[in-house]
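Engineer: Sequence:
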Amino acid sequence: MNQIQCPECGKIFKVDETGYANLLKQVRDEHFEIELEKRLELAERDKIKSIELAKNNIRIQMNQSSINKDREIQDLKAKLESAFLEKSLAVNEAKSLLEKERDTLLFKLEKIKVSNEASQKLAISDAVTQFKKERDNLQNSLDKAHLQRQISETSLKEKYELQIKDREYEITRLRDMKLRLSTKMVGESLEQHCEIEFNKIRATAFPSAYFEKDNDMSSGSKGDYIFRDLDSAGTEIVSIMFEMKNENDLTKTKRKNDDFLKELHKDRVEKGCEYAVLVSLLEPDNEFYNSGIVDVSHRYPKMYVVRPQCFLPIITILRNASMKSMDYKSELALVKAQNIDINDFEYKLESFKDAFGRNYSLASKRFETAILEIDKSIDHLQKTKDSLLGADRNLRLANDKAQDVSVKKLTRHNPTMAAKFRDLNDHNVA
6 MNQIQCPECG KIFKVDETGY ANLLKQVRDE HFEIELEKRL ELAERDKIKS IELAKNNIRI
66 QMNQSSINKD REIQDLKAKL ESAFLEKSLA VNEAKSLLEK ERDTLLFKLE KIKVSNEASQ
126 KLAISDAVTQ FKKERDNLQN SLDKAHLQRQ ISETSLKEKY ELQIKDREYE ITRLRDMKLR
186 LSTKMVGESL EQHCEIEFNK IRATAFPSAY FEKDNDMSSG SKGDYIFRDL DSAGTEIVSI
246 MFEMKNENDL TKTKRKNDDF LKELHKDRVE KGCEYAVLVS LLEPDNEFYN SGIVDVSHRY
306 PKMYVVRPQC FLPIITILRN ASMKSMDYKS ELALVKAQNI DINDFEYKLE SFKDAFGRNY
366 SLASKRFETA ILEIDKSIDH LQKTKDSLLG ADRNLRLAND KAQDVSVKKL TRHNPTMAAK
426 FRDLNDHNVA
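Going by this note's numbering, the sequence shown runs without a break in its numbering and finishes at 435.
To be clear, the hints were calculated from the coordinates, so they are not data collected in a lab.
Even glycine gets a Cβ: it sits at the ideal position worked out from N, Cα and C.
There could be a bad hint or two in this list.
[Unchecked claim] Pair by pair, the computed Cβ-Cβ distance ranges are:
#1 ARG76 / SER157: 16 to 22 Å
#2 SER194 / SER157: 49 to 55 Å
#3 GLU292 / ILE63: 23 to 29 Å
#4 PHE112 / LYS43: 50 to 56 Å
#5 ARG140 / GLU292: 45 to 51 Å
#6 LYS205 / MET328: 17 to 23 Å
#7 GLU98 / LEU58: 21 to 27 Å
#8 LYS205 / SER160: 36 to 42 Å
#9 LEU58 / ARG260: 39 to 45 Å
#10 ARG427 / LYS406: 23 to 29 Å
#11 PRO313 / LYS60: 51 to 57 Å
#12 GLU292 / MET328: 31 to 37 Å
#13 PHE293 / MET331: 30 to 36 Å
Work the whole structure out from these sequences, hints included.
Structural biologist: Below you can see the structure in the form of structure tokens.
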């Protein structure tokens, strides 16, 4: 039999071993359960507050459209989950520790039952004191961990809230700016950016380079900018046709980079440029174009697509690559100049031959015409000669006939005329 003294009235109660053990166990379990339930309730409240805080932060952050902001939300969520996990681990550890202590105390109580009453009371008193001490230490540790977690969460929350406010302000500012821009102004802003970036290093990196807008519309179309770099002898090192494409975020119909490659290739060929580069902000979520300098030579020769941050690097890369082939280009230019001289000589010779042939043809035709006219004149003169010779024969015959005429012949068989001539002769004699 065991005796229990009431601490209020001092009355002593006798209970058997089983009743005493059940009573002691009931007191211990009830106290332990109350303490454990309080801690679990506090932990559950903290968990709910943390979850609500995380949900609110995530809900706020999910309304943003920036990729960087989304990443920050994921980081914050991961940290919150880590904090929640740490808290859960702490609660589980505390629960496990309490359960262990409970089991230890139960074991000690079982040992106390076999000892005398004084030893049991002393052991119970020591166990209760130790339990309270360990409980207080554990409570202090939990309060300290909870305080540190709250400080850390508050600091983290303030840090990310400040970053979120900065991102929201930047997004709002950019959105307002783009709302004020027309489609043409958006494109011009990218062109101006590239031109300003180039002019910053023109004097040091490209002192002899030409980088101006393409204003030649003779072929029906034009690019945005033409870059040409020459060496001291005037030989072209490299030439690039640039096209800049930007797009307003509010544009309903989103364009793609592939839509402009064919026209850019045509402009490069017509303007005699060696390379073609599309500087584009289109398709901002396309990882293929976000990876850096994109070679699209498999579709159009010597063509690249870059983001604005790669504008200067692509010029430098293409120029350095072309510098290595300058010796070949110089020899090619010399051969080309020689070919031009030969072609010019051949052209002048052919021109002379053509002109001489035309003049010879004209002179030959006129000579033939003159010969024909002379032949005609000779024929005419021959006819005249024949006529004159015929007339000469007739005159000679007439002269012969005239010489053969005599008075006798004229008066022969003409008595009248004979009588007249006789009278005339007689008159002359007289």
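Engineer: Return the numbers of the hints above that this structure violates; sort them in rising order.
Structural biologist: Failing hints, ascending: 2, 4, 5, 11.
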